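K.L.:
Each chain, letter by letter, is given below.
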Amino acid sequence: MSLESRELSELKSRIGRDPTPTELQIVAAEWSEHCSYKSSKKHLKMLPMTGKLVINEKGYDSGVLDVGDGYVVTAHIESHNHPSAVEPYGGAATGVGGVIRDILSAGTRPIAIFDGLRFGDIEKDLEARWLFKNVVAGIADYGNCLGIPTIGGEVEFDECYENYALVDVAALGFGKKEGLIKNHAKKGDIVVLLGGSTGRDGIGGSQFASDALESDNRSAVQIPDPFIEKLIIEAVLQARNDKLIHAMKDLGGGGLSCAISEIADALEIGIEMDVDLVHTREDNLSPDEIMISESQERMLIITSRAKLKKLEKICKRFRIGYSVIGHVKSDSQMRIKKGKRTFASLPTDVVANATLLDLPATMPSYLHTIETENKLRPISDYTKILTKLLGSPNIASKIWVYGQYDHEVGIRTVIKPGCDASVLRLDNGKFLSAKIDGNPKHCYINPRQGAIGCFEEACRNVVCTGAKPIGMLDHLQFGNPNDPEIFWTFLESLKGLTDFAKYFKIPCIGGKVSLYNETHAGPIKPTPVIGVIGLAEKKPSVPQTITQGDNLIIVGKTKDELGGSEFFEYIHKFIGGRCPVVDFEDSKKNMKSVLSAINNNLAKSVHDCSKGGLAVAVSELCMTNQIGCKVSLDKVPGDKLCADKILFSESHSRYLLTTDSKKLSKLVALLKKNKVSFKHIGKFGSDSIQFNCKTKSIISLNVTKSRKIWLHSLSNLVLHGKRASQ
Amino acid sequence: MPTFIVHVIIENKPGISDPEGETILNDLVLKGTHKTVSKIKTAKMLKFTIKEKDKKTAQFTVKELCDDLRIYNPLVSKVTVDVFEATV
Amino acid sequence: MPTFIVHVIIENKPGISDPEGETILNDLVLKGTHKTVSKIKTAKMLKFTIKEKDKKTAQFTVKELCDDLRIYNPLVSKVTVDVFEATV
Amino acid sequence: MKVGVIVFPGSNCDRDMYHVLTDVFNLDAQYYWHDKGLPKNIDAIILPGGFSYGDRLRAGVIAAHSPIIKDVQKMAEKGIPVLGVCNGFQILTESGLLPGVLLKNKSLNFMCKWTSLIVDNNTTPFTNQFKINDRIPIPIANGEGRYFVDENTMKKLKKKNQIVFRYDMSVNGSSDRIAGVCNEDGNVVGMMPHPERAAESEINPTDSRPSSLIFESLLVKMGVKN
Ligand SMILES: Nc1ncnc2c1ncn2[C@@H]1O[C@H](COP(=O)(O)OP(=O)(O)O)[C@@H](O)[C@H]1O
Ligand SMILES: [Mg+2]
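Residue numbers (the working numbering), protein chains in the order written: chain A, 1 to 726; chain B, 1 to 88; chain C, 1 to 88; chain D, 1 to 226.
Just so you know, these hints were derived from the structure itself, not from any lab. If you're wondering where the values come from, they're calculated on a predicted model, not measured in any experiment. Incorrect hints may have been included.
[Claimed, not checked] Among chain A residues calculated to face chain D with C-beta under 10 Å, some are: (1) Ala137; (2) Asp141; (3) Gly147; (4) Arg317; (5) Phe318; (6) Tyr322; (7) Lys398; (8) Ile399; (9) Tyr405; (10) Asp406; (11) Thr413; (12) Ile415; (13) Lys694; (14) Lys696; (15) Val703.
The C-beta atom is built at its ideal place from N, Cα and C for all residues, glycine as well.
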């Protein structure tokens, strides 16, 4: 672990002397990309971070939203890509642990977990299969043991992640507004380290996350201990109830170095600590090692001497280790001692604030030609193509994944995983809806429109459950930022997200940047992952089971936008074409109309149209409801297009509404009044998924058969290395 | 060809913590009457029954198989492979 | 008192199925190139570090502890206890 | 009446159970931490689900050695109704209060899904409001939920009417599709599925009535309701 020479001379000039070896370690940890955001921070400021419901307080590691009646929801997103790529089980599990502690550190109880997973091609790549299986097991074992439901996420496979893994984890918390920790500290307060003991594992993790994978740092393996984490959650919430916490921070990347410097800097205090006081699990750890160890399941709490007794009692009751490692001073310095000897003494603002960079950016040359479409071989049998798509890893049901996650514990889960967004009930009678979405295939072709699309898709999923988007989390994952072409794609994505957030007045309440995601074949595709949180005042009426004679209505235009679609990439093996573009005005109109249809109880179910296009979205409705549907492609609103484009284009802002015949005219009237593009395109019944062009049937697929393929493909691939057959 | 029994023991490398062993020690064993135990480490064991021409080949084959199939992650775990003649 | 390392192997009693072993065998091993394996059984191992006056006492103590504390469930599992002198 | 909800380090369905007992069924419930005894004036005991001691060594085995279990045992002998759900069931089998053992699911994975139970015994304090063969839509969520007993014990279970619930289809490889059993006296019941996750219509996608009957049976047994 080291500083670049430019950074070293800067450190020297900022402290006016040569740093000690321990100081060097501390600063290197804190100035790593992972902890300091040095490449991205300047630009992240463009995102709108305030709003009516947003509560901004110093020192929070998660975003806070006021959901009324004295309650708040907290949210955060993190990734654990590098650790998961080398140790998928432990890497993914400790990723969950980290984001949960961010939620906890605001003083709220974690109530839901989301996971966004990306791997190489599991149909060909054994390594991808191994990574996938173990990542899912890691998340399951950790979240299940904590008793926090994992209620949503996504899984995607793309060759750009060969021998690599993107593991994004988001979490939501809930609590009383008055229970929020108001981070504050004064001279004489004491600093308590609570939780797992400090060891050599995970040394250098944040530095590791900021390097390309080549360096393969063995010591960065972290062993998860969800049992301790569960006890920490209960202990911390008890201490919160008893008002024993003045300030709190979780230990994540950079270990004690980051936690101490950041909390001191945020609260404008000084902290003096003694490494000898830290409870460790191995003897003879050096001060440097103690300061940068990333041992998991630890929290830092600042409290007063008078409250220590009570805090100790709670720790004992929950059988978790703790140590009083230091105290608060008024000098804005972090001083690290071992007994009498001082090993580091640095101004906290120097440690906590690396000099921010303004890296050069240039448009990648591949983008000049990527939208040109190849001439593709014509499709002779659409039924076969759709069947193939329904069993493809990206489109097949993810039940093998979420079936391993306890998504019911906490008894809040009103809408379970498997539809669009999941929905939780809150104690004030309101309902919270959330979903995370990414789309590297779109983002590769057009980083700006692709990112906007992810944002819109997540909103759409939330809207499908009758909730209004109130906050957004962004997670920006890219390759090496020192490559101007990569940095350009980062900026473009960020600008797209900013535009959308501002237009829709959806504040960004948190996020994370993960750079240096590179495989031996090069950088990953730009992979922003967006989480959207929505709120509904009453329990939404959707989804109800679709029955014989129900009507299918599509809202939104279908356009010639197959770039990055599953149809191009999976069926034709073609990367390129026109990326779907969100028309902000249409998007807003469609969202509003769909919400009002749901609120007026005019829809039995609402499903968004995304991966795989209209053909897949209709099939999903049919398969989950176990009923057929006859769809007329000629009626689909939008550009005049040939059948494959109508079927498989992944244009945004589209929703599939179902309604029974009694309510059809009311629904039509509402949509007309709102001036959205929509059409009644089909009727449910019988047992086949049927698409007609003019009067000719071009797809006819048995529901039971396709459902079997869709449900079992993924597990067959993972467990037996082959797809489900009919 | 003779039959061999091959024991593969997979455990966390030294220095890597073993939360399960610690819990068994602290919350079960030390709460009982057996205070002479100072440490417990957990491991996983696979017992292979394999037909190979000799002991050495049996050992080699099983080790290779565990590596190939990624039965363990060498970053976290170490394996010990012991071969025994099958007592038929 | 000397220190001993005691290995406790917990495995299914004969006649109790071992789905994990079967799965590793069928889904991983037999699909690959290693067809000489005919059976895989999984077991759990605990390695105790214990101070006792001699080997025999160490063995006895650990065996007793396993029974008392239900380290294994006698309904489905059996244990094997092996003692080694600690190499300090 | 007073219901004790026993909490172990790692229990994680205790709050859910408490909510259902108090907010839905208006019972007087109280948490009891594993390291002490139970007061005499308790009328029913519930061991909720979760991962006591992180499911280490084996689900339920470490918790089965907790001091509070001795009191649970004593009260069970007196005939007080005891219900163990999921990890609670595992603890009851590991502590010998119920026969059998819960092994790793046949899928080798943790399984969270909605199942359908069939009532096999309607004489326990938790099933007296059912008819035999009634069905209950209810979720499971466990990694070690495969109930197993040897043949002799199985015969005995059948003879003494100790099988309380079965799954309507094979879900995890349990002997005879068993999902819940009781002791010989019938007052101690263990079940893998989670009634507290199914007793409210808001979160039950099918029908919350059957699961409510598990709690209402207790109310009837205690004479709070008839
Ligand atoms: N990794 C995962 N963890 C939990 N739930 C998942 C995961 N992947 C997919 N799901 C769930 O499966 C359903 C379908 O996911 P997805 O295809 O990504 O939805 P959409 O196309 O609407 O974005 C959603 O309910 C989602 O939450
Ligand atoms: Mg969707």
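K.L.:
None of the hints should be skipped; say for each whether it holds.
P.N.:
Status of the hints after comparison with the structure:
Annotation: alanine 137 (chain A) was flagged as interfacial toward chain D, and the flag holds, the nearest CB pair being 8 Å apart, inside 10 Å. For aspartate 141 (chain A), the interface hint holds, the least distance from its beta-carbon to any beta-carbon of chain D being 7 Å, beneath 10 Å. Interface hint status for glycine 147 (chain A): upheld, as the beta-carbon distance to the closest one in chain D is roughly 2 Å, under 10 Å. Annotation: arginine 317 (chain A) was flagged as interfacial toward chain D, and the flag holds, the nearest CB pair being 7 Å apart, inside 10 Å.
At about 7 Å, the closest approach between the beta carbon of phenylalanine 318 (chain A) and any beta carbon in chain D falls short of 10 Å, and the interface hint on this residue holds. For tyrosine 322 (chain A), the interface hint is violated, the least distance from its beta-carbon to any beta-carbon of chain D being 16 Å, above 10 Å. Among the interface hints, the one on lysine 398 (chain A) is violated; its C-beta lies about 13 Å from the nearest C-beta in chain D, farther than the 10 Å criterion. A hinted interface residue such as isoleucine 399 (chain A) counts as satisfied when its beta carbon comes closer than 10 Å to some beta carbon of chain D; here the least separation is about 9 Å, so the hint holds.
For tyrosine 405 (chain A), the suggested interface contact is upheld, since its CB lies about 6 Å from the closest CB of chain D, less than 10 Å. Of the supplied interface hints, the one on aspartate 406 (chain A) holds, with its beta-carbon coming within about 4 Å of a beta-carbon of chain D, less than 10 Å. With a least beta-carbon distance of about 6 Å to chain D, the hint placing threonine 413 (chain A) at the interface is held under the 10 Å criterion. Residue-level restraint check for isoleucine 415 (chain A) holds (minimum Cβ-Cβ distance to chain D is 9 Å; threshold 10 Å).
At about 39 Å, the closest approach between the beta carbon of lysine 694 (chain A) and any beta carbon in chain D exceeds 10 Å, and the interface hint on this residue is violated. A hinted interface residue such as lysine 696 (chain A) counts as satisfied when its beta carbon comes closer than 10 Å to some beta carbon of chain D; here the least separation is about 38 Å, so the hint is violated. For valine 703 (chain A), the interface hint is violated, since its Cβ never comes within 10 Å of a Cβ in chain D; the closest pair sits about 20 Å apart.
Violation of the numbered hints given earlier is confined to hints 6, 7, 13, 14, 15; the remaining hints are satisfied by the structure.
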